[in-house]
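Number of protein chains: 4
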Amino acid sequence: MNFEPPKRIQTLLSDIRRFVERELYPLELTFFTDGFAAVEDALAQKRQDVKARGWWLPQIATELGGMGLSLVEHALIAAELGRSPLAHYAFNCQSPDSGNMVLLLERATSSQKERFLKPLLEGEVRSCFAVTEPERAGSNPTWQGTTAVRNGDDYVLNGHKWFITGADGAAFAIVMATTNPDGALHERSSMFIVPTDTPGFILEENVFTMGRQGEGWASNGELRFRDCRIPKANLLGGEGEGYAIWQERLGPSRIHQCMRWIGVCERSYDLMCDFALKREVGPGEPLADKQFVQGWIAESRGEIDAARLLVLDTAWQTEKSNAIETRDRIGLIKFHVAQTLGRVIDRAVQIHGALGLTDWTPLAYFYRTERGARLYDGTDEVHKLNAARRLLRRYRESASGGA
Amino acid sequence: MNFEPPKRIQTLLSDIRRFVERELYPLELTFFTDGFAAVEDALAQKRQDVKARGWWLPQIATELGGMGLSLVEHALIAAELGRSPLAHYAFNCQSPDSGNMVLLLERATSSQKERFLKPLLEGEVRSCFAVTEPERAGSNPTWQGTTAVRNGDDYVLNGHKWFITGADGAAFAIVMATTNPDGALHERSSMFIVPTDTPGFILEENVFTMGRQGEGWASNGELRFRDCRIPKANLLGGEGEGYAIWQERLGPSRIHQCMRWIGVCERSYDLMCDFALKREVGPGEPLADKQFVQGWIAESRGEIDAARLLVLDTAWQTEKSNAIETRDRIGLIKFHVAQTLGRVIDRAVQIHGALGLTDWTPLAYFYRTERGARLYDGTDEVHKLNAARRLLRRYRESASGGA
Amino acid sequence: MNFEPPKRIQTLLSDIRRFVERELYPLELTFFTDGFAAVEDALAQKRQDVKARGWWLPQIATELGGMGLSLVEHALIAAELGRSPLAHYAFNCQSPDSGNMVLLLERATSSQKERFLKPLLEGEVRSCFAVTEPERAGSNPTWQGTTAVRNGDDYVLNGHKWFITGADGAAFAIVMATTNPDGALHERSSMFIVPTDTPGFILEENVFTMGRQGEGWASNGELRFRDCRIPKANLLGGEGEGYAIWQERLGPSRIHQCMRWIGVCERSYDLMCDFALKREVGPGEPLADKQFVQGWIAESRGEIDAARLLVLDTAWQTEKSNAIETRDRIGLIKFHVAQTLGRVIDRAVQIHGALGLTDWTPLAYFYRTERGARLYDGTDEVHKLNAARRLLRRYRESASGGA
Amino acid sequence: MNFEPPKRIQTLLSDIRRFVERELYPLELTFFTDGFAAVEDALAQKRQDVKARGWWLPQIATELGGMGLSLVEHALIAAELGRSPLAHYAFNCQSPDSGNMVLLLERATSSQKERFLKPLLEGEVRSCFAVTEPERAGSNPTWQGTTAVRNGDDYVLNGHKWFITGADGAAFAIVMATTNPDGALHERSSMFIVPTDTPGFILEENVFTMGRQGEGWASNGELRFRDCRIPKANLLGGEGEGYAIWQERLGPSRIHQCMRWIGVCERSYDLMCDFALKREVGPGEPLADKQFVQGWIAESRGEIDAARLLVLDTAWQTEKSNAIETRDRIGLIKFHVAQTLGRVIDRAVQIHGALGLTDWTPLAYFYRTERGARLYDGTDEVHKLNAARRLLRRYRESASGGA
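Residue numbers (this note's numbering), protein chains in the order written: chain A, 1398 to 1800; chain B, 1398 to 1800; chain C, 1398 to 1800; chain D, 1398 to 1800.
Wrong hints could be hidden among the right ones.
No copy is singled out in the list; a pair is fine if it fits within one copy or between any two copies.
What the hints assert, rightly or not - Quick list of in silico lysine-lysine cross-link-like pairs, DSBU-like style, CA-CA up to 30 Å:
#1 Lys1675 <-> Lys1687
#2 Lys1404 <-> Lys1717
#3 Lys1443 <-> Lys1404
#4 Lys1687 <-> Lys1448
#5 Lys1448 <-> Lys1404
#6 Lys1515 <-> Lys1448
Everything labelled a hint here was simulated from the structure, so no lab data went into it.
Can you build the whole structure from these sequences, using the hints too?
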């Protein structure tokens, strides 16, 4: 066994941390208060810096302009980037574009790649991923109200989606829609690439979320498809493969997500330690001397370290096999890390007192936006149930085998 | 023993609930998205309706224009009002004005009452309460950086305050400042009434809190006092009595706060039950049939009922004696109810999924603003320590007595 | 509202507490280490003392030799008795006899009463209650493997029961058995009174529980019925009424159980406070000065007070109506108090360190025997699900009503 | 990074698991009900089997008759052994002997080794480790009431110890006693090897713990030293080195302890999965289909995996450096794993219902004996505080360094 990060990225990790601290932390307050649009230009410059340093697209192969990292290596970098809400964007590995790139890489035709993937990799455009619907529980991707009906050489889409991150300003959406409502449960839907300037593609509004409407990448759009007609060439993968594609996308993307959360935990932990030392509750009496605070710090350190190892081990196992083989474990990290994240942020807020509620530290941003971690891409509960059913299967088999 | 709400207010409670549901719920979405200013006019009208129904100032004696309720009765009404974030304001019993009214009633001279209390009771002006300082831990009100120095017939204030709810638009502030830095620990500070148009009273900005700057009553201001000169007639109570007055204010005000939180819990509970019945995770498969959801509903119901009784019992005991006698119990309810509140809101958000993160229900507002419940007016931890020390005193005495 | 215990029992409560402390605490260590048999004679003497003081059978009407208390009054006394594991027995209101008395009072014929109830009330015999079966989940009383087949004027019982408290030494058992396996779900079973000297009634062994086999009242027996023949006169209530009778028995009995647990909490709380003051972690440095310990003490006090009020309110509501009307609430207190109990005992053990693991305090006994509180008479989970389904019904009705 | 167990022990691990399952599980019930003495002979035979297979002393170097494993390898084996409460004993790596072997190996003179270590390694005798005192908090090893006074060529010991595991039947004790009460805090005590047949060494009784007195290895003795005279040759290490030696002993021994707990978790997890599949709550309705149960299974799997990785990483880091370097991390695993252990056992008990309280599964034994995990070798709280102080030190340094 060997728990040390690969030698070749150790320096990289500290270089990236320094970059994030020096170049991106200073933009955060403006982002929290004035929104994404207010920092978009500055971020465009930072993206150039990132490219210049050779850090662009850490999740993508070298021949496509990325860093060519292994899953474990990328995971380690994701934890560094997770420290700032702006870093994934600056490195062009932000959700949902990062997941869309994977989809397009694996499923797109060469002309689709040329038209949609290439500018995405370049960072010239953004994209969004439209599955969730307000009328249907997000936890059931086999049950989509949006339909795509074949009409000549086109498909005509009708339906309603929401909570579509980054729809505002995206060049195209990858959309899940029912193509065969009477088909087998997992073959009813298909994926489509829909340019956002297609007539009938309507961004109704950015949905107010936790008190902010947001804009651009940092927004959650509500979409309507009204007789939105796209050529069949925009079908991604085969008809009826929507669910399967959705599943493929999620595995590695959840690993990165979890490592991003570890980064959020680490930043929150740093903030709680720094503030505990600095803040006095009376003259010469720092918070750091209080047992309650010490308890939170020690618990957080233990939980973060354990969660980090769990994710890295999952990345390592997935590297050795694939995301279908390790999907139980990927299910486990999804809720385990999301819950760790919630506890660590909460303790950091509590230690900061009123300051923790303001936007003068990133904690309030983490608190309000990362609440979603226990919900998106499947609620914690859905992951628990799915994981448990598969975990139990092994016991069932061994039990019947023994009879 | 008798656990039934007093007969005379049973109808009142259901009338008020109906009013809140019909008149105030419809204003909430605008409040969440567009802010307080966007509903201020509508609320002014609702205040007239409330007055017309005889429900104005539920916490105040009849002869002063209030409802003349007992502490227990007011607590029961506070739970109804707590269901909407706008209701306390509509009834003119919102924090911090409500607490300031008590202070002025008990400590103000008759000319102070005429000038400051009267318009407050009428709802013609708002006020704020300025204790917390960014440089000093809020949990230590004996340690104030703001100073008030006697100069002729005036006091001159200098200092820095923040997290001052409703400072924006307030007519006056009640300010705690050090008058005798070398005095006994609890006699160093005094309270002052400072009209907000006094030169040297500076509202620097409304502090961004959980992503919103807010305005008017729904804001947290950062204040500077720069040689802010007020006549000694604006001293509230005697010099050196700041801490004592602060203590007095807190007792009953915490009871109301706790009952307001019970109201937030009840609203959240209603929302979770309604949504669990309505939302299907598959055709004909409502969330309400899921064990996880059922578990949260049952746990929430048990915890809310227990917390409600704990607060009512505390109100009842305080009515029979006073808030000094029952301060241990008031300390206990502060953190017990705040933690119940946190759990109930969190479960309601989780049941709502993505919808729980949007501002289309009040849950996201509760989630982001009520996080403060475990922090303001003393953190949970400070209350635990204070309560424990006093609780242990009884055992210490009985132990030595028994020797 | 009035939260004060009824005047007429206030002195009674403190008298009983003193009696329990002086007369029963001293017997506990022997009970913990040497078992029930070792204190049985001493307890027989205490029972005489209890009778002499007029405290016998607090749960029973005066005309039957009891104290004639209301449900609320009895609940208050149950909390005092709960402080010692021996007190309910000394007052002849221990489980399962107490529940059996209620059953016999309400359902027995006069000759059954004469033969079985009378000596039970006198304290001349003990009884047991045989429902749980090792092969079937305890949470499903409609699904009993034990059968009773009518044969002439007799019933012949066959089956297997376990976890039958106090079977060892009992004079008779009240047994649930299937009489009509094809009947409606809730009418399949009947209750029988089975004298333990009936041929075919076999106490196989006292089941080792948490490391002890126990004996007498403090044991859990495993029973076999092998062609155990009893006259039809021993049928309790009508045929097919087994489930209904079981339900009736549980309501009030759960209220008392919960108040007994409050007593266990109070004793544990006293022990933690006393020990925290006494135990030094260094010279002049008592545990009581540590924040962790203070936190546990304050949290425990809040939780116990809240739980106590919840149970008392439930008793009060049940007194005003009946246990069917309040069964939701009774379900809520069952798991709410059981969980509070678990937390409080756990904290008390933690504060005591190694001492908390020994039998030198009652905490280890509480820890190992009260773990059952979350399991017996329906697991916490079963109660949550049942309560939630009924709680949701109200919302379903109001929703359809409102349409 | 490489998360795979070293190749050379993969077969070993499964062989040992099979051995533990086949040879030791069958002895457990007798151990739980009739005690250690009832299985001692059978275990002596198993020890021969273990020796024959070359598995004796997994923690000890080959040249001393052990397996010569690395820390990580031993940790992996400790997790297999932890599945049965009898396995560490069968492999002669049980606490406290295992820790005493380390002490003697590192600190004993050659004649001490010949006399005390050799028979211990052979498994001919047992030993005990006497630090804890009833009058002093266990968390403070610098504050010992037991004294050792130099008298000619001897030391004379007086004092009181308790919770001394395996004192009953031990050949010798390693005892901590104050030799220089006025010395520097960490130099007041020394360690002595005291044969248990020395006059003045008195085993007063085995302390009843969680309802059982125990005997032999499975007991906790209370010791008195009354003018207990031992030659100065029995001093272990130098005078005043008691605390330092105690510290050394704890590091690696805590890592093994934690991995043993992982084994307890794994066994409990297996039991909960098997039982959930087997137990029906109604016809054809296994517990395994219930969401609550699925939730516990998934949570447990995630927590156990995370905790296991945390311990292995700590073992690996310690192997690379030493237990002083990694003491923060060792402190973190101590409480992190102990808390995971408590949760997993608790869920397994809950799933088993009444069966989980009986001694028919090992869960009740785990529940009552492993409660100590959060207490012995320093309470969770002590570890949190120590770890936090050291963790904060790095932030303090970086803060001052940055100024």
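Status of the hints after comparison with the structure:
1. Lys1675 <-> Lys1687: both (13 Å within a copy, 22 Å between copies)
2. Lys1404 <-> Lys1717: Both ways: Lys1404 and Lys1717 sit 19 Å apart in one copy and 16 Å across, limit 30 Å.
3. Lys1443 <-> Lys1404: within (26 Å within a copy, 46 Å between copies)
4. Lys1687 <-> Lys1448: neither (45 Å within a copy, 49 Å between copies)
5. Lys1448 <-> Lys1404: Within. Shortest intra-copy distance 22 Å satisfies the 30 Å Cα cut-off; inter-copy 41 Å does not.
6. Lys1515 <-> Lys1448: Within. Shortest intra-copy distance 16 Å satisfies the 30 Å Cα cut-off; inter-copy 65 Å does not.
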